[in-house]
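These protein sequence lines are chains R and G, in that order. When we follow this note's numbering, the leftmost residue of the first sequence carries the number 1, and every step to the right adds one. When we follow this note's numbering, the leftmost residue of the second sequence carries the number 302, and every step to the right adds one.
Honestly, the hints are just simulated from the structure, not real lab data. A hint or two may mislead.
[Claimed, not checked] For the chain R half of the interface with chain G, some residues (derived, Cβ under 7 Å), not all of them:
#1 I72
#2 E83
#3 R99
#4 H243
#5 L245
All C-beta atoms, glycine included, are put in the ideal place defined by N, C-alpha and C.
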Amino acid sequence: MELVNSTKSIGKKKIIKGLTFTINRGEVFGFIGPNGAGKTTTIRMMVGLMNQTDGDIKISGKSIKSDFKGAIREVGAIVENPEMYPFMTGKQNLAHFARMIPGIDKERISEIVQLVGLEKVMNEKVGKYSLGMRQRLGIAQALLHKPSILILDEPTNGLDPAGIREIRQYIRNLATKENVAVIISSHLLSEIELMCDRIGIIKNGELIAIQNVNETTDQANLKQVELEITPIDKAAAILKEKHNLETIQTDSSLSLQCEKEKVPEIIQTLVAHNIAIYQVSVSKTTLEDKFFDLIGENTIG
Amino acid sequence: MGNLINLIYNELFKIYIRKSTWAMYIILAGLIIGGAVLTNSFDNTNERYAGDNWREVLEEENAAIEEEMGAVAGDGSYVNWEYEKNDFYLENDIQPSYTTWDYSFENTGLLSIVSLFTIIIGAGIVANEFRWGTIKQLLIRPISRSKILASKYIAVLIFALVTSVFLILFSWIIGALFFGVNGFDSSIVLEQNGEYLHVSAINEILSSLGYGFVNLIMMTTFAFMISTVFRNSSLAIGTAIFLMMAGNTIVAIFMEKEWAKYILFANTDLSQYANGKEPFIEGMSLGFSITMLIIYYAIFQFLSWFVFAKRDVAGQ
Numbered sequence: 001m002e003l004v005n006s007t008k009s010i011g012k013k014k015i016i017k018g019l020t021f022t023i024n025r026g027e028v029f030g031f032i033g034p035n036g037a038g039k040t041t042t043i044r045m046m047v048g049l050m051n052q053t054d055g056d057i058k059i060s061g062k063s064i065k066s067d068f069k070g071a072i073r074e075v076g077a078i079v080e081n082p083e084m085y086p087f088m089t090g091k092q093n094l095a096h097f098a099r100m101i102p103g104i105d106k107e108r109i110s111e112i113v114q115l116v117g118l119e120k121v122m123n124e125k126v127g128k129y130s131l132g133m134r135q136r137l138g139i140a141q142a143l144l145h146k147p148s149i150l151i152l153d154e155p156t157n158g159l160d161p162a163g164i165r166e167i168r169q170y171i172r173n174l175a176t177k178e179n180v181a182v183i184i185s186s187h188l189l190s191e192i193e194l195m196c197d198r199i200g201i202i203k204n205g206e207l208i209a210i211q212n213v214n215e216t217t218d219q220a221n222l223k224q225v226e227l228e229i230t231p232i233d234k235a236a237a238i239l240k241e242k243h244n245l246e247t248i249q250t251d252s253s254l255s256l257q258c259e260k261e262k263v264p265e266i267i268q269t270l271v272a273h274n275i276a277i278y279q280v281s282v283s284k285t286t287l288e289d290k291f292f293d294l295i296g297e298n299t300i301g
Numbered sequence: 302m303g304n305l306i307n308l309i310y311n312e313l314f315k316i317y318i319r320k321s322t323w324a325m326y327i328i329l330a331g332l333i334i335g336g337a338v339l340t341n342s343f344d345n346t347n348e349r350y351a352g353d354n355w356r357e358v359l360e361e362e363n364a365a366i367e368e369e370m371g372a373v374a375g376d377g378s379y380v381n382w383e384y385e386k387n388d389f390y391l392e393n394d395i396q397p398s399y400t401t402w403d404y405s406f407e408n409t410g411l412l413s414i415v416s417l418f419t420i421i422i423g424a425g426i427v428a429n430e431f432r433w434g435t436i437k438q439l440l441i442r443p444i445s446r447s448k449i450l451a452s453k454y455i456a457v458l459i460f461a462l463v464t465s466v467f468l469i470l471f472s473w474i475i476g477a478l479f480f481g482v483n484g485f486d487s488s489i490v491l492e493q494n495g496e497y498l499h500v501s502a503i504n505e506i507l508s509s510l511g512y513g514f515v516n517l518i519m520m521t522t523f524a525f526m527i528s529t530v531f532r533n534s535s536l537a538i539g540t541a542i543f544l545m546m547a548g549n550t551i552v553a554i555f556m557e558k559e560w561a562k563y564i565l566f567a568n569t570d571l572s573q574y575a576n577g578k579e580p581f582i583e584g585m586s587l588g589f590s591i592t593m594l595i596i597y598y599a600i601f602q603f604l605s606w607f608v609f610a611k612r613d614v615a616g617q
């Protein structure tokens with residue numbers, strides 16, 4: 001999937017400002033941003049629910065603008081909530097959507113139902129389903145026609161922890177084994193971190209960063225180190241003198257930033273100067289820090 | 302094409318699986334049965350004229366009417382329909398009877414109820430998808446929006462057709478149980494343009510339904526348009542039913558205006574041209590009305606299609 005300068009304006013206001021990025025087969029792409037950043041609008045443009053003011057989106061080389069049917073054939077999606085007909089059973093819902101695309105037989109439906117683990121409730125009305133069950137049914141309908149791109153808007157919303165893990169594994173499987181490109185939007189950063197290969201961060205309709213998930217965690221060399229020690233004043237002075245480190249004092253601890261490799265040295269110096277050490281903790285820079293770094297704390301823009 | 306048939310099947314499935322649709326059929330069946338019970342208890346045509354002396358019975362009735370009329374006016378300006386009818390039976394030597402054919406024909410009047418139900422279905426079929434949020438699921442399939450809209454419209458027409466057939470068949474069956482069939486002779490006696498005629502009930506039922514369908518289709522298409530443009534089924538049902546009810550009044554109010562004949566409702570009753578009757582407003586003809594209907598129809602359809610095919614589907 002390829003987005004080229006995708007732009008959406010409503011009135012004079014540009015909501016999406018020229019997004020350009022590519023998503024490859026076999027990867028899970030996380031799409032994050034604060035509320036109102038334009039995630040859902042972008043997804044709506046990807047599936048042709050909204051027209052683009054400018055630019056184009058290509059799916060497997062087919063433009064969603066000029067070859068809608070060809071492009072959308074490759075896509076399975078849940079846009080926002082997994083809405084289904086509440087007065088129909090799960091089975092009837094799936095059969096309904098199956099009839100809209102040629103080449104889906106009964107075996108495929110039961111295969112999908114097994115995959116998402118809904119066999120027991122297939123003959124119950126969807127109105128009685130829990131949110132988690134509906135989410136699974138939504139994923140089932142998105143996968144019916146074996147799409148090469150799966151777009152999921154907040155897929156683990158409403159699932160219990162076991163369900164979340166299952167879906168996570170399932171999405172990873174789809175990407176690696178079936179070579180499907182998966183696009184996931186979410187504002188749950190920890191979830192994105194666990195599931196995705198790459199993330200795109202969007203703010204105010206602009207793509208402000210694309211990063212490999214593993215990079216974000218590794219790349220930050222400076223670690224935040226917390227030392228619970230006494231006496232604090234003396235320790236601070238020693239560190240300043242010996243290692244040329246700036247420290248911040250709090251009630252009972254000292255915090256500083258340094259490379260991971262330096263931590264043992266610091267401890268040795270402190271021990272040599274008879275400082276009592278109760279605890280040393282190194283906090284990892286998480287995606288969350290990165291996220292806030294990039295978009296700033298004031299999220300709704 | 303197979304594609305479109307699948308889509309229509311889907312739409313009909315969604316219509317008929319809902320309990321509210323079944324409630325419509327139950328209401329219709331209730332009206333038909335209730336009507337039969339009422340007619341059965343108030344009308345005793347079959348008993349009165351059952352014997353071989355039905356001619357004498359008719360003559361006695363007419364004699365009584367003549368006596369009454371003589372007392373009132375007697376100059377012939379006032380027509381007593383009962384008298385004329387009895388006369389017609391005697392002249393043509395037809396034994397008066399009330400069979401299921403008469404009952405079925407009378408029930409073609411219930412087509413307005415069928416119109417009402419069709420408007421409700423037509424008003425909901427697009428708006429509900431927006432309300433349920435399922436419109437997104439429908440539109441992200443490899444099917445053009447026009448085709449989805451067409452399948453919905455056709456499904457509404459099929460609903461109207463099925464419901465009308467149900468109305469007539471069920472009326473006939475209930476009528477047969479209450480009033481009998483009278484062999485396979487489907488002819489009935491009814492008044493047209495001031496004279497009584499012995500006509501085929503099947504023809505009359507079909508032409509009555511045919512005229513009724515013009516109005517049904519126009520109002521359903523109107524409701525369908527409102528529902529598609531405003532995504533609100535209540536608004537569509539409300540305006541369509543209001544216009545259906547008030548249509549004739551609207552025409553009557555603007556009767557004197559030159560443009561009155563361009564009002565949709567002046568043209569929906571094509572039976573105004575049947576049997577050489579004078580049209581509603583001077584200067585109108587069958588060709589004129591059909592042209593007006595086609596223009597209105599095309600506008601309704603175009604607006605529905607244009608809005609539906611171009612619209613951005615955003616949040617609720």
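Restraint satisfaction for R/E83 [CB to CB of chain G, less than 7 Å]: For R/E83, the interface hint holds, since the closest Cβ of chain G sits about 3 Å away, which is under 7 Å.
Interface hint status, R/I72 versus chain G (Cβ within 7 Å): holds, 5 Å
Supplied contact hint for R/R99, tested at 7 Å Cβ to chain G: holds, 4 Å
When the least beta-carbon distance from R/H243 to chain G is tested against 7 Å, hint result: violated, 55 Å
Restraint satisfaction for R/L245 [CB to CB of chain G, less than 7 Å]: violated, 51 Å
Against the hints set out earlier in the document, violations occur for numbers 4, 5.
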